[in-house]
Amino acid sequence: MIDKKSILIINQSAPYGSSKARESLDVALTCSIFEMPVSLLFIGDGLYQLINNQSPDALNMKKHEAMLSALPMYDIEKIYITEEDLESIGLTENDLAMPVTLIQRDAIASLIQQNDSVLTF
Amino acid sequence: MIDKKSILIINQSAPYGSSKARESLDVALTCSIFEMPVSLLFIGDGLYQLINNQSPDALNMKKHEAMLSALPMYDIEKIYITEEDLESIGLTENDLAMPVTLIQRDAIASLIQQNDSVLTF
Amino acid sequence: MTLHVINKTPQNKSLYLNMLNGLSSGDAILLIEDAVYSALEAHQSLFKALSPDDIQLSALEADIQARGLEDKLSPRFSSVNDQGFVKLSCEHDKIVSWY
Amino acid sequence: MTLHVINKTPQNKSLYLNMLNGLSSGDAILLIEDAVYSALEAHQSLFKALSPDDIQLSALEADIQARGLEDKLSPRFSSVNDQGFVKLSCEHDKIVSWY
Amino acid sequence: MKFSLIVHASPFSAQTSSTAYRYAKCLLEEGHQIFRIFYYGDGVLVANQQIAPPQDETNLLTSWQLLAKTHNLDLVVCIAAAVKRGVLDDNEAQRYDKKNANLALGFELSGLGQLAEAIAASDRVITFGN
Amino acid sequence: MKFSLIVHASPFSAQTSSTAYRYAKCLLEEGHQIFRIFYYGDGVLVANQQIAPPQDETNLLTSWQLLAKTHNLDLVVCIAAAVKRGVLDDNEAQRYDKKNANLALGFELSGLGQLAEAIAASDRVITFGN
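Same order as they appear, the protein sequences are chains A, B, C, D, E and F. Counting along the first sequence from 1, when you hit position 89 you're at 89 in my numbering, and nothing is skipped either side. Counting along the second sequence from 1, when you hit position 91 you're at 91 in my numbering, and nothing is skipped either side. Counting along the third sequence from 1, when you hit position 28 you're at 28 in my numbering, and nothing is skipped either side. Counting along the fourth sequence from 1, when you hit position 31 you're at 31 in my numbering, and nothing is skipped either side. Counting along the fifth sequence from 1, when you hit position 74 you're at 74 in my numbering, and nothing is skipped either side. Counting along the sixth sequence from 1, when you hit position 59 you're at 59 in my numbering, and nothing is skipped either side.
There's no promise every hint is true.
Some chain F residues close to chain C (C-beta under 8 Å, calculated; not the full set) [to be verified]: (1) M1; (2) T16; (3) T19; (4) R22; (5) C26; (6) L27; (7) E30; (8) H32; (9) R124; (10) T127; (11) G129; (12) N130.
These are computed hints drawn from the structure, not numbers from a lab. Just so you know, even glycine gets a beta-carbon here, dropped at the ideal spot from N, CA and C.
Assemble the whole structure, with the sequences as input and the hints as a guide.
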């Protein structure tokens, strides 16, 4: 039996340009399948992963936005972004592909404290 | 016969942390052996390559500073850094491993113009 | 005249600063891959010193579409397809990649 | 209490900003690899908001020596060897890597 | 204490993989236990037995192998990342119709579940990424 | 016009190698000539014939091979970078005492001189780096 340690995954990478966004998602889904509670935080360039209307056909790549929308089906529902980051790229919640929880930047520290283990991508 | 096109190599990477500094040097030496005039510009993090008293024994890596000092033997003598970059890291020419030509940042554009081909690392 | 091609997000301020220092009148900037995020209105302060008559600004269509930015770009940037990338490469006598 | 390990140069401001936002009282920061350049006096504004009693600042010895920074570090940073890195890892109940 | 390491960087273009090795070695010297080392992303490339570094450079592959042998370490290479990058054991070489396996001795291909298990079973998890 | 490309990024962890391929393809469609494509740093990893990408992902290796075959392209892989990364032709496999060569068909190992020559011989040189 696997101990139910809670995991926070911090996403700081934009989609498509690097493979980090994909690799992070694969780890999140796996941990969730192993019944470990997973929270996802998207900060900095990581926020770009959530922008809607992605259409990567010409790149021959999978639609990252669609893969993220599958998260609730894997019982991953704690998805955080910061108000400051959203404002800094001039977008609103309407520009995002899925519902997220908005937090203030200074709440990041408590997210880290609350979880047993923290991974970054 | 190889055309004597002049090459500017722009170095923006710190040594040791990535292999870019090494790869750049290998290209510079090769182009010089093929009698192409080579100029080197170290900007941003690239300036760190020139700091003296490097001692990478514990990392089991070659001393980057020493490899750079070999450049004049390969007839590579046009080595540029910007005054602004040097000042921004709080160091002086005395902290550098080799003599360089100090330019102003706004002279970078003419360096690019003057050379036939530009590579970046 | 030089074509400057950049592929990193606007977060990499020093990379953008170095590129901007390397510009001459008549040069062009092309944003590709993760650099297309720099064409968002919110990041236009990066390019504020540039006069539009002087420096042509464009971004690669396939990368814009992939990232969902089609309707979100600053009007200063024109969208070019792969053929446009090739055309820009021919029109300028050298290409500098900032990565 | 968390050990924050960072390995990129101070040029990566957003990475440092994200790390700083993740700090709680009692946490420690360890600079490794190219991050040791952040211990230069000229870059101390990065850490100006931190109280030394609150957040322990250190940098990895092998990386400092490799890069010729031994005599150029801000006194705010203590140099730790590999054993010190392991010790810090034990003393904190989790480790977050910023890269 | 019981540690697990995640190595997530190309061993050829970043220092990170080598830092991870030094850390692992020091952990063991200090009397700690390593539950597992998990190679992910371009980190898996260190397990390609075809690697032939120049004589005057460190061979990270043989360093890891020696450390693993001496201390009976569990070196797990993410199978999805490895297959995509052309690092194959006998099974995968056969499955993908490649002539030869090239996974180095001492390493094992397995799934991300091994990473989840390592997180669950270890007192400390540290990522060496780039 | 005569172009040369330098591909300097891991084909697995960055988009760059795939952008380079799209660009090369478009160059040829537009009637331009490619003098050489030079793979350097982690860019050489695309020439490992062991690569087995998932069925639903693009296989960059076979894409390059097909393009090279159709247009008779000169795909040169930096030999020093390749040997260090475990991408070996028959000669190098023998020299370093490895059982098998794994350089993919259509690619050739050679020195940095080929890069210098490409710069000299081409109207435009473009780097795809990461």
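Item to check | Satisfaction of the H32/F interface hint, Cβ to chain C closer than 8 Å | outcome: Result: holds, 7 Å to nearest chain C Cβ.
Next on the checklist: Just to be careful: measuring from the Cβ of L27/F to every Cβ in chain C, is the smallest value less than 8 Å?
Outcome noted: 6 Å, holds
Checklist entry - When the nearest CB of chain C is found for R22/F, is that gap smaller than 8 Å? => result 6 Å, holds
Checklist entry - Once the shortest beta carbon distance from E30/F to chain C is found, is it less than 8 Å? => result This hint holds: E30/F lies near chain C, its Cβ roughly 5 Å from the closest one there, short of 8 Å.
Item to check | Agreement of hint T19/F with chain C interface, Cβ distance less than 8 Å | outcome: It holds, given that the least Cβ distance between T19/F and chain C is near 6 Å, below 8 Å.
Checklist entry - Are T16/F and chain C close enough, Cβ to Cβ, to be under 8 Å, as the hint says? => result 7 Å, holds
Checklist entry - If you take the shortest Cβ to Cβ gap from N130/F to chain C, is it below 8 Å? => result Holds, because the Cβ-Cβ distance from N130/F to chain C comes to roughly 6 Å (cut-off 8 Å).
Next on the checklist: Less than 8 Å between beta-carbons is the criterion; does G129/F satisfy it with respect to chain C?
Outcome noted: 4 Å, holds
Checklist entry - Regarding the hint that C26/F lies at the interface with chain C, is the smallest CB-CB distance below 8 Å? => result Because about 4 Å separates C26/F from the closest Cβ in chain C, which is inside the 8 Å limit, the hint holds.
Item to check | Per-residue hint verdict: T127/F, partner chain C, C-beta under 8 Å | outcome: 4 Å, holds
Checklist entry - Can R124/F be said to touch chain C, with a Cβ gap under 8 Å? => result Because about 6 Å separates R124/F from the closest Cβ in chain C, which is inside the 8 Å limit, the hint holds.
Checklist entry - Taking the closest Cβ pair, is M1/F under 8 Å from chain C? => result Check passed: Cβ of M1/F comes within 6 Å of chain C, closer than 8 Å.
Hint compliance for this structure: every hint is met.
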